[in-house]
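**Q** Residue numbers (the working numbering), protein chains in the order written: chain A, 67 to 202; chain B, 18 to 698.
Hints are not guaranteed to be accurate.
What the hints assert, rightly or not - As a list, the in silico DMTMM-like pairs of lysine to aspartate or glutamate whose alpha-carbon atoms are at most 20 Å apart: (1) A/Lys147 to B/Glu455; (2) B/Lys680 to B/Asp690; (3) A/Lys147 to B/Asp202; (4) A/Lys147 to B/Glu604; (5) B/Lys499 to B/Glu520; (6) B/Lys648 to B/Asp690; (7) B/Lys680 to B/Glu619; (8) B/Lys499 to B/Glu455; (9) B/Lys578 to B/Asp546.
Unchecked claim - Per label pair, the in silico range of CB-to-CB distance: (10) A/Ala105 to B/Ala253: 17 to 25 Å; (11) A/Val158 to B/Leu221: 32 to 40 Å; (12) B/Val456 to A/Glu144: 37 to 45 Å.
The set of hints was computed from the structure by calculation and includes no laboratory data.
Heads up, the beta-carbon is just placed ideally off N, CA and C, and yes, glycines get one too.
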Amino acid sequence: VSDLHVLVTVAGEHYALPVDAVSEVAEYGTVAPVPGAPATVLGVRNLHGNVLLVLDLATVFGIDREGLPQRVAVVEHESVKACLAVDSVVGVEVLPEAAEEVESRYLRGAALNGGALVGIVDVPLVLSAVRETPGP
Amino acid sequence: VSEIDPAILEVFREEASERLDRMVEDLIALEEGRSGKEAVDSLFREAHSIKGSAGMVGLEEAAAIAHAIEDVLGTARAADEVPTQLADPLLRATDALRLAVAGKVGVSADVLAALTAAERQHASSETPADEDRAGAPPAKEPVSAPAAKEPPVAVSGEPAEAPPSGEAKRLPERRSIRASADKIDRLLDTVSETVLHHRRVEHLLANGGRGLGHDDERIDEELGRGELLVEDLQDAVLQMRTLPLSAITRPMRRAVRDLAVAHGIDAALEVNGADTPLDRMMLDGLSDAITHLLRNAVAHGVEPPDERERAGKAPAGRIAIRAVQHGSMVEIAVSDDGRGVPRELLHESTESAGLFEVLAQAGVSTAKEVSDVAGRGVGLDAVKARIESLGGDVEMRSEAGVGTTVTLRIPFTLALMRVLLLQRGGQLFGVPLTSVEEVVTVTETVTLAGRAAIELRNRSIPLCDLSDIIGAGAPALWQPPKALIVTSSGRRLAVACDRIVEEQEVVTKSLGILLAGVPGYLGAAILGDGGIALILDPAFLTQAPRSRAPARLRAEPVPSKVLVVDDQFTVRELQRSILEAAGYRVETARDGSEALSRIGAEPDVGLVVTDIEMPEMDGIELLRSIRSEPKNAALPIVMVTARGSEEDRRRGVEEGADAYLIKSEFNQQALLDTVERLLAR
Chain A
67 VSDLHVLVTV AGEHYALPVD AVSEVAEYGT VAPVPGAPAT VLGVRNLHGN
117 VLLVLDLATV FGIDREGLPQ RVAVVEHESV KACLAVDSVV GVEVLPEAAE
167 EVESRYLRGA ALNGGALVGI VDVPLVLSAV RETPGP
Chain B
18 VSEIDPAILE VFREEASERL DRMVEDLIAL EEGRSGKEAV DSLFREAHSI
68 KGSAGMVGLE EAAAIAHAIE DVLGTARAAD EVPTQLADPL LRATDALRLA
118 VAGKVGVSAD VLAALTAAER QHASSETPAD EDRAGAPPAK EPVSAPAAKE
168 PPVAVSGEPA EAPPSGEAKR LPERRSIRAS ADKIDRLLDT VSETVLHHRR
218 VEHLLANGGR GLGHDDERID EELGRGELLV EDLQDAVLQM RTLPLSAITR
268 PMRRAVRDLA VAHGIDAALE VNGADTPLDR MMLDGLSDAI THLLRNAVAH
318 GVEPPDERER AGKAPAGRIA IRAVQHGSMV EIAVSDDGRG VPRELLHEST
368 ESAGLFEVLA QAGVSTAKEV SDVAGRGVGL DAVKARIESL GGDVEMRSEA
418 GVGTTVTLRI PFTLALMRVL LLQRGGQLFG VPLTSVEEVV TVTETVTLAG
468 RAAIELRNRS IPLCDLSDII GAGAPALWQP PKALIVTSSG RRLAVACDRI
518 VEEQEVVTKS LGILLAGVPG YLGAAILGDG GIALILDPAF LTQAPRSRAP
568 ARLRAEPVPS KVLVVDDQFT VRELQRSILE AAGYRVETAR DGSEALSRIG
618 AEPDVGLVVT DIEMPEMDGI ELLRSIRSEP KNAALPIVMV TARGSEEDRR
668 RGVEEGADAY LIKSEFNQQA LLDTVERLLA R
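My request is simple: use the sequences and hints to build the entire structure.
**A** Have a look at this one:
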């Protein structure tokens, strides 16, 4: 397991995705909403000829965002592939130990990195949350 | 055994399992008196082959059982007789053989003893075979049905070897090769990608504008040829993934026989149209549903022999599977000539809830007041859900005392389907064409108890706004709205939308496991421009009016039509989606001259949004031409340009533009505010 993380921002907050879980970063693109889907689902989009689900990390973490997300990080876990919508991708970095306590069940922990508190996203839990959250 | 190459063992097991399937089929035919010496010959050959190869891969016990079967059949062959009463012990020997082939040990002792005993008895009785058949049937015992097994895929589009008896002919073995289903699925995926890729190229050439030479005839010619090639390729791969219905019905004869014995009735299964082709994906989903219906026919349909005779029926019940292909749909009817559904239940079914639904409901309800009815209904909701997830529908007909028929209608494949594309709230949706009866324009509605309906040829059809059914929250419908008449399981619904786009053949992809719980969609299709259309499930749509809000058809004025002019496809479509989402009707044009002919052809254009720099006729020229026509002198025109150049703005204003937007500062709200302000004047 690598300590390398893809750092992203969501509504002004900092989050990190384990680099092994991220297969690609892409523009937000054109997302078709899926009426009836849980609130965390922004819709589906076409990525290289595949239909991928787009999840809003802001909704997952219960934070408000202004406007549309700009990027997606394509994540994969146990052959389930989905896009996580974020505002920006900052870069790939080695994070210090996740020593800070966090409240959200979708975070594995948090680390202080260059003065910012960075939440380490639990990708499998975020994906499984789709099936647990009710529709609108 | 451990030294055997696993790949060789795998091939052996697959082959032996197919041989065993055919042996079971032959034995049942033998037992029912439908077959004679030729079945004995073919059984002998199959047992002999299994014996040989089982020995080679070191499965001693399998070889021993096969040897015993071969011996019994060899004796019968030599004596030139048909051992009808040996069918049952032989069937049980094939079950043991199947286990032994799978690698289980210690399964042979009992069956071998039984087989020897039966053979000895048969030899000593010396009764001619045909008298045996006329007399009391031998005591049958139910034996566990073999585990359902994934049908192998044969590349020729036919089973690797056709059954020795029945309607299909035996094909020379060498004409087929084995390929794993995964590999064929991957091939189909890649071909589907190629189709999309081709559409994207076409789309780029048709809409890309400058520099791409879309007028070149040779390019058109090559594109046309490419399209044909890709279609051929797609057909060929789909054919490869196609299997006859017999791939799943073959073990069902055996299952019906065993079930009948267990329920103390006499029944035989008849399969018609076993060669009807179906996409393997569909077959996989279909198997459980058909098995369940057969189980119901045995357990609740066919009466015991004495009861049948009192009713003037033949003692043996007839259960039938009949399959027919109608274009891209396959219809599979499972029927029995049993007691049928009680009259009081027949009366409960209505047009909106068919007999199948009434029974399925009785099956899930916990009240057990009518236990037989509840028993019949158990699991029917799962059958229905399964068939609907395959884009199909279910209908049940029954007559008390005469029998029951359940008809399943499913598309030949889900991988490729023709859909009608429509638009609601700026978003595209597809409905399988096989479920669309017609398209109407809704000019008048009738209401009852707050629910809207339309009148069509003296019948009323409930009307719903698509947006209400799926919960899309789109703006109010344009007036008068278009509606498609969608049918499923005998129910009809008029589904209202903003615009019918076109008919298209699409490659459907699943929405994925994460969205599996969201009802209403069969999947999503990627369109030529890379966009996505959600494919609506007709069964979900037609079930809507019972549980959902009435159609929201407010008497609102027709929204204004906006003409968007830009030579860039992306810009045009971006503006279209913004405006349509806000409820406007939108037309587009690629340059000034096309815009002029649009304005001429569609007098209800209420506003023009145009780019300035365009090939052929630019925005300024367009503006001038529009203004030169007296009736268009007041038509509001919004100029959009790439640069915020003062010169452009001055020219625009001089020529009479009403507003001016800069692309680099383009935002949705500015466009909507400007359009709303100008239209309100």
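**Q** Against this structure, judge whether each hint is valid.
**A** Okay, the hints, checked on the actual structure:
| no. | hint | result |
| --- | --- | --- |
| 1 | A/Lys147 to B/Glu455 | 38 Å, violated |
| 2 | B/Lys680 to B/Asp690 | 15 Å, holds |
| 3 | A/Lys147 to B/Asp202 | 19 Å, holds |
| 4 | A/Lys147 to B/Glu604 | 37 Å, violated |
| 5 | B/Lys499 to B/Glu520 | 15 Å, holds |
| 6 | B/Lys648 to B/Asp690 | 25 Å, violated |
| 7 | B/Lys680 to B/Glu619 | 27 Å, violated |
| 8 | B/Lys499 to B/Glu455 | 11 Å, holds |
| 9 | B/Lys578 to B/Asp546 | 23 Å, violated |
| 10 | A/Ala105 to B/Ala253: 17 to 25 Å | 44 Å, violated |
| 11 | A/Val158 to B/Leu221: 32 to 40 Å | 33 Å, holds |
| 12 | B/Val456 to A/Glu144: 37 to 45 Å | 43 Å, holds |
In this structure, the earlier hints numbered 1, 4, 6, 7, 9, 10 are contradicted, and the remaining ones agree with it.
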